[in-house]
Every structure is written in C-alpha cells, then in structure tokens.
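Chain order of the listed sequences is A and B.
So the first sequence is residues 1 to 182, counted in our numbering.
So the second sequence is residues 1 to 456, counted in our numbering.
No wet-lab data here; the hints were simulated from the structure.
There are no misleading hints in this set.
Partial list, derived from the structure: chain B residues whose beta carbon lies under 8 Å from chain A:
no., residue
1, I22
2, V126
3, I127
Ideal placement from N, C-alpha and C gives every residue a C-beta, glycine not left out.
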Amino acid sequence: MSTRVMPFRGSLTSREQVSVYEFSWAAIILIPLVAVLIQIFIPVKVRFLPIVDLPFMVTIFFATARRNPITGCLTGCVIGLMQDLFAGPGLSHPLGMYGIALTVIGYLASSLGVKIDVDNPGSRFLITFGFFGLHQGVYYGVAHALLRQGLQWSWSHTAISALANAVLGIFVYKFLDRFKQR
Amino acid sequence: MDTFLGRYRNLIVLAAILFAQIIGLALQVRRPTDAGETRLIRLWAVSAVTPIESAVIHSQEWVKNLWTTYIYLHGVRRENRELRAEIGQMKIEQARLSEDARMAHRIQALLAFKEQYVDSTIAAQVIGTSGSEQSRVLYIDKGSNDGITVDMAVITPGGIVGKIAQVFPDSAQVLPINDQFSGVGAALKDSRLQGILKGAPNGATTLQYIMSDEKVVPGEEVITSGGDRIFPKGLPVGRVVSSEPGKDLFLNIRVIPSARLDQLEEVLVVTKITEKMPDAKDLGPLRASDILAERLPTVPNKTEVDAAGNAKPSGAAASGTPPAGVGTGTAAGTAAHPATPGTGSNKPGVGGTTISNKPGGAVPAPHATSPDTTGGTNGTGKPKVATPANSRAAGTGAKPSSNTVPAATTQPGEAGAQDNGEASPPAKKQVKPAPEPAPNAPPEQPSTPPAGAPPQ
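The shape of chain B in the complex, shown without the other chains:
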C-alpha cells in the first residue's frame, strides 16, 4: 500500500485536486446564487482589489487631466472655434428635429402611448476587466453604496454598453452586449423588425431571430426595442454590417456596436427609468385660434373673404393671429401656462383642454398672461370651469389652462372665483377684462396678439 501511494503520489494528488474542483463546480451549478447575490469569496476578492484598481485608474486620470487641461493646450482656440461652428449647425438641426419630435409626441399622446425616459444616471469609471477571452465583463467603480443594483442598464452617449451583472459594495460587474452570455432586445430602426442581440466568444454581436425572408440592408441602424425591460426603447445599439441566411429559418445579421466597447473608460449607469405620457410642455402651447378653427370649420370669417368675394376655408384663417378673447385661462389675471393634454379631453366637443394638432398654425405662446380671460366651455357652448377632471393643469392646482375654448365667454371674475375656489391660487395680478364676444359668435381677428405671445 505504501509502495502504491508512494509510486502514484503525484497522480493521486492531481486527481484529488481535480475531483475537489469538479465537486465545487457541480455544487455551484446545482445551487446557483439568486439574482443579485454574490458568492462571498468573490465579494472578498473584488472588494480587496477594487481600491487598488481605483487608485491606479484615478491617479492615471488625474495625471492625464493635468496634462490635457493645464499643460498641453495646443490648438484649443482653433478647436473652440470649430466647436462653436458645430454647435450652430447642430442648433439648426435640433430645431428641425424638435418639430418632428413634437409631432411624434402628439401622435403618441393621442394614442395614449407611454414613453420611457432615462430619468437619472450615475457616471462610473471602468476600472477592470475579466482578464479572460472567454468573458468580456467589465468592472466599474460604483457599487451598491452608490445605489447600483443588478440588471441596471449601462450606456454611453454613443450607445448601450451592457447591464449590471453583479454588485459589490464599491464596484459592480458589467456584462457587455458583446459577451457570449449577453442578450438584448433590439429592433431595426427602419424596418422595425425585432430580434435579440447576442454576443459571441470572439466579441462579435449578432442580431438573431429575424426570419430569413425579411430584407435587412447593411448600414441600417439597430436600436433597443425595450422588450427586455432593462434598456429603454430607442437607444442606439449599433449598425448592421452584414446579413446572410443562417442555418435555420433566421438571418445571421452581424452588428457593429455603436459604443466603442473596446475603448470604454467612462460609462453611465441608468438608475431610474420612468414611463409617462408625452407632456404638453413637449408639444408646445397651442393658440386658441387653432382650436377655434377646428371647432368651427364651416363658419366663414369676414376677413377671409378675398377681393373676388370667394371665401377661404376657415382652417386657413385659423393659422393667423388669435382672436380677441381667446387664448386665456379660466382664472382671471393669473399667468396662463400651456395646457397639459388630457387624454380624455382631446376629442372635439369635450371642451376644457382640447388640443389642436393643426400644423402650421400653432405659434408657441408659453406663459401667456392675457387680460382676455374666458371660461372654458364644453362642446355645447355652456360655460365650463377647468376642473381636475378635465385638465391636468387644473388637477395640479397650480396653473389654469390657456387653451380653453371660449365659445361662451364668462365674466373673468366669475370664472376666476370658481377656479380659485377649486384649484387655482388667487389672482394677484390685476388685469383688464376683455370685451365679451357674443356666445357662439365666430371669432374675429384681433388687431394685436395676446400679451405674452411671441411676434408672428
């Protein structure tokens, strides 16, 4: 026996060590930790290493910043000029895009779509990697002490990075989208085809589960679909590089990530995502003239009759300046804020905070303080007081709507008194009441726009 043990001692030790590790593997697979839990040994190891890595990374950043910010300033003036010019160009582009966004928000509001917004983020520094080719996880210098939890989205301004896989007190492990165990709900931006973006051992990312009879063009953008409940919908993911028929019924679509996953230094951890309806602040205030034009499409306006005596459509006239006595809030003398669209009040005839989506006619007039206060009406012309039921603005108890329809104008004092009693604060600013138009009378073109409205 001693001879046997002595002769095969090395092999026996090897077998024992391997056996112990295999048993350990089996136990880990058999009893995996719950989501968010971390094995104690990993917690200790990462917690021990994190301060060293953080110190090295931050000292390196400090030296780099010292050099780039205070010493090496060559070409900064020229770069500043170029950036200013670029900002100018981007402002023009932004103005154009914001119009498109407003239109999309209006449609979403009408369809009662909820939007997801990235509410708050935490900036974090990448301080480590897995150090392994088989795993592409990253370590960041923010952990549970900073409010990080498992499954939070990690992004950069360029695109998504991954999600939080494990959390430690002062650090967290990020599973990037190009890891072979990662999966992200993604969609093609133009064709709206949805699939799952998966990583591969070699670091490539592919969009899977799109049928092979679909046409996917290289260069098409890929965005998050929101289906994984981790990433908000619409964040940039990457761009299609190639699309080939796969082994099964699905296409093999190779995607190059938007974020430079191989050069990450700082990332943003999305700590809060909110879902809400598109806000009226995003839509921009609407003039009452537009609403009137929609309400009374068949009533011709005197001013619309041209020299030849042909009456123009009233909708065209509605895009002009607002009539007197409109564009006012229900509370006399209070600063009228843009109305918030209530989903129930978007139908014609409901009154209250009816929103007109007429393009071209809406000139933003935020915070229009106008003496021409009229009460909101319902569709029958009955005077209507803005209540929490028909106006979100009134519901907040703060600002009355400026987009109420004055089909029957009430005395400002009356409307204000009613509103003040229910929702609005008392009017402090003394304003001049407007002349009362006749109930259900067609609006007249005012000589001057209401106070607070921007110049036409």
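The following block holds chain A by itself, in its conformation from the complex:
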C-alpha cells in the first residue's frame, strides 16, 4: 500500500536508500495470471513468442520491486508452478520444473534488489539478461539431473533469447511500474 524506504546495506549504487514498493492484491494476483495467459495464448498467432518469457519477467519485476527474498521466492514458486500447469504432458514436463527455476530466480533477484538500484533501464536490462541465462541453466539442470531428460543446450539460442527478453523487459517493467503504489 505504501512505499517504504529501507537503508542500503551495500554501496553498489550512488543512492543511499532504496524504495520498497507495495502492490494491491488485485495486481499481485492478476498480473502473473495475465502473464501466463498471454504466454500460452499469443503464440497461437505469433509463434516466435515463446522466446519471450513473460512469467519470468513478472517474477523479476515483483522480486526486485518488493525486495524481500522470502516473498520473492514464493512469488517465483507460484508463477513457475502456474507455468508448469500448461507446459506439457505430465511425463515429459512434471509440475515443478519451472517452479524450481523461478523460485531460485525470485530469491536471487530480490536479494540483488536489496543491494543495488534496479529501477533504471540499464540495470534492468543487465539483470534480465543475466537472470534469463541462469533461469535456463537451472531448468536444464533440473531436467538433466533430476529427470534424466536429454535436453540440448544451445549457447547462441540462450544468448539470443536472453537479449530479446532483456530488451522487451525494459518496456514491460516500464508498463508494470504503473501498478506500483507510492
């Protein structure tokens, strides 16, 4: 409901304090839901869209805006499990693959958000780019180590996907900033 100001633990930015944003319950529920719906619906018409991962961006956005590692990993867990529900047949894609990946991303993004300023486009670009690679890595790790799935890793494809998500993320975050309550 309000913007809290918390002291900066590190000295990675020029600011001495960072803002912790709150969101309405409607925004907390509807934004991830709409992101998952768009993610599964839009590729019917635009097939290259799976390269863009809206639930991942929403996870990063909430985690960095709220700057609380516990709520960050819980948000990532819920959004990831929602994504898992539609992601594929049960045998090839059991529930929890995206859940684990986004839990880790939510935790790390919110932890990073405590330490650095994540409100400017440059840092948002870098965070999204880096975390997308990590997200893919965790996903592939889970698939390979826990499920023995022989997924093929492609550095170039991951880099292109990360770049696309990072660029689009700047605009998505800008749009989602409207739902922040000050």
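Use these hints to put chain B onto chain A, whose structure you have.
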C-alpha cells in the same frame, strides 16, 4: 537457535520451498499417471483457462470472418475464375491418378492387403500453446465431451500435426511432431526406407534410424509408415531437407514438415480409422467380355480374323464390346451392380465373381440393368448360383453380381428364382430374356452393348 533461524531465515525458506518441489517432482516421476489420465490440478487449470481462450479465439475468428466474408471482397471474382480453372486442371489430374489408384487397389486386393482409411474426423481450433520453448504442445478446443481420446492422430490437409497427449473435458493437448518428446513412424516415399521421425528442442524434425549406407536424396517425400498404430499409412509428413552421416551408424536426415506447424489454426482429429480390403467400387466394374477373354484365351473369334486370314489373339478382341448374354446378373430383371471382389473367387476357374484385371478392356458399366441375365458358372461350365460363399454382393443379400461368367447360360427365371430364394430380393422390373448361347460356346460380338453400359 533463534539467532540462527533469524539470520538464515531467507535461505531456510528458499531451501524448504525447493525441497518441497523436488519431492513433488520425485513423486510425479515415481508414480506417473497412466496414459489418458491427467493430474487433477492440471485438469482444473486447463478447464478454467479453456473458456477464456475459446472465447477470445472464436470472437477473433468471428471478426475475421465478418471482414473477409462480407466486407473485404476485393478480387474475389478474379480468384473465383482462377480457382475454376484450377479445378479443371485438377479434374484432369485426378482422372489420371484414379487410374493408377485403381490399379494399385487391384493389386492390393489380389494380395489381400488391408488398407487403412481415415473414417471420421473432428475439426478443432487451436486455442493455446505451452508458452514454453522446451515444450511445443498445443491446445485445441475439443475434448472428451466431443469424443476425443488420448493417442488420436491430429492432421491437416497439408500433413500430419501430432497426436493427442492429454484430454480434458472441453479441450485437449496435442503433442506435435516437432516436439522433442514426439516420435512418429515414417518412411521415405520413393525408397520405402522406414525410420522414426523425432522432434528436437529447437523445433527441427529429423528422421532417425536409417542406416548410413542408404542413399537419401534431399527433396524426397516422407510419409507415415503406419507402424506407430496412430497415424494411418501414407499420410504426408514432410520433405527431406538434408541428409548427412550421423555419429552412429545412422543417417542424420533433417525433414521439414508438410503441415505449417507454426501457423496452425484449425486441425482435424482423426477419431476413427478403419482397416478394410479395397472395395470393388474403387476398382470399377468389369465387363464380362474381359473375363471371357481371360477364360478362353485360345478360342479364336470369328470377328477377329482379319482380311488376310490371320487370327488375332482373343485377348485383344476381348477389349471390345461385350457379347450378348454376358454382363448380367444371376437374378433376372434386377439391377446388376458391380461385383465386389472376393479374395477366394479371383482365381480362374472358381467362377462366381471372377475379376479380370485386363487393362484397356474394362469399360465401367455401373448399375447395368440388362435383360441378358445368365447364371454364374464355375470353371467347368456348370451353372452356378451366386451365393454368399462366392460373392460378397450376394452375401449382403442385396445386389447380384454383374460380372458372372456365362459359360453355361441358365434360364433367367430359374437363376432368379434360386437367387431370390437365397439372397436377392424379388425382381420387380420386367425384362426381356436373352437368347441362350450354346454352353461353352465362344462369345460373339454383340451388335449393341448391354443396357446401362456407357458408350464406347
């Protein structure tokens, strides 16, 4: 202790959440659902989302149809003209291809091959995807309420799409052929080499398990082999793009799918596939003259003697018009329908519904109603009545065969009486009986073809 929990609270929560999900994963892998079953949470989620997606997709289609059908009609007349011209060309092409198909059906009938036919399909709209790069599944707006079950084939007129992986009440999940967990029994159309078409994480499809010493040419068509018991044999799959030696003993054959998997909007779900023998309706009716020519190859025909006095082979003459007294059914006065080939009656000398595969001589004469009714005979010239044992047409109790061989002609009334008593309905149409040819006499060229036969 409180200090420890307070200090590492975040990490402990993270570890707990991750641990719970890993346990959940392990339980799902340990106890997978049976084929066709769906986890309840997935069922609820998909059932909740399906109406929204269906509404959005159908309203979008409605607006699109309104625009394209009623408002934006620019160039429709020109397109109509072009399409009509194309239909004309395709009719010519179809006529040529149907002859090839008939020949193939005859061979299949002789070899007792069973064909698979797509009997019924349900049209469905694609309403969603997995939204993930790791999975390429699609969602369609038809589910178990529409008769969809797991492992049904999903196709388009262009080629195969995939199979049904999961079914929900009003929607279903399709596993397309380019998904990395998909596998389709496929074969190369020309070389008939068989392999398995598999998808890849990047959406590419490769034909695997073809030995590296085989030669596969780019551009060759790939069709379904029918080996997976999901897709009927012979459906288009794609085209070979490249073929390279792989790591193992097998070729690495890249295939581009025939169906545009990235632009799917409507698909057909194959709900019923039937296996049956090729039908005689597909073969086209045969004239009795052809059968006679095959039966009596050495008997010269009077009309075949040319001016020089040299006798032509009887087979050549057999391709002309049928003789009087042939091409008739066993039941007098009934409309003679084309015979259905019985596998046991295709041998010469068996009689009944012998089929002649002579090319060039068969002029289709469907539903030939002829007064020249003769009884079928066996190979010895003994009058033979069409029974369910030697004729599928008689077995149905409906239509007598028109392709019986009149080596010994019986009185129409007699044959009809026998048939009526066994299989055929009573003759209602009064017809004029034909003059009886002598038993085992060589057929004579009639002056006019039998009634109902198409003009030569």
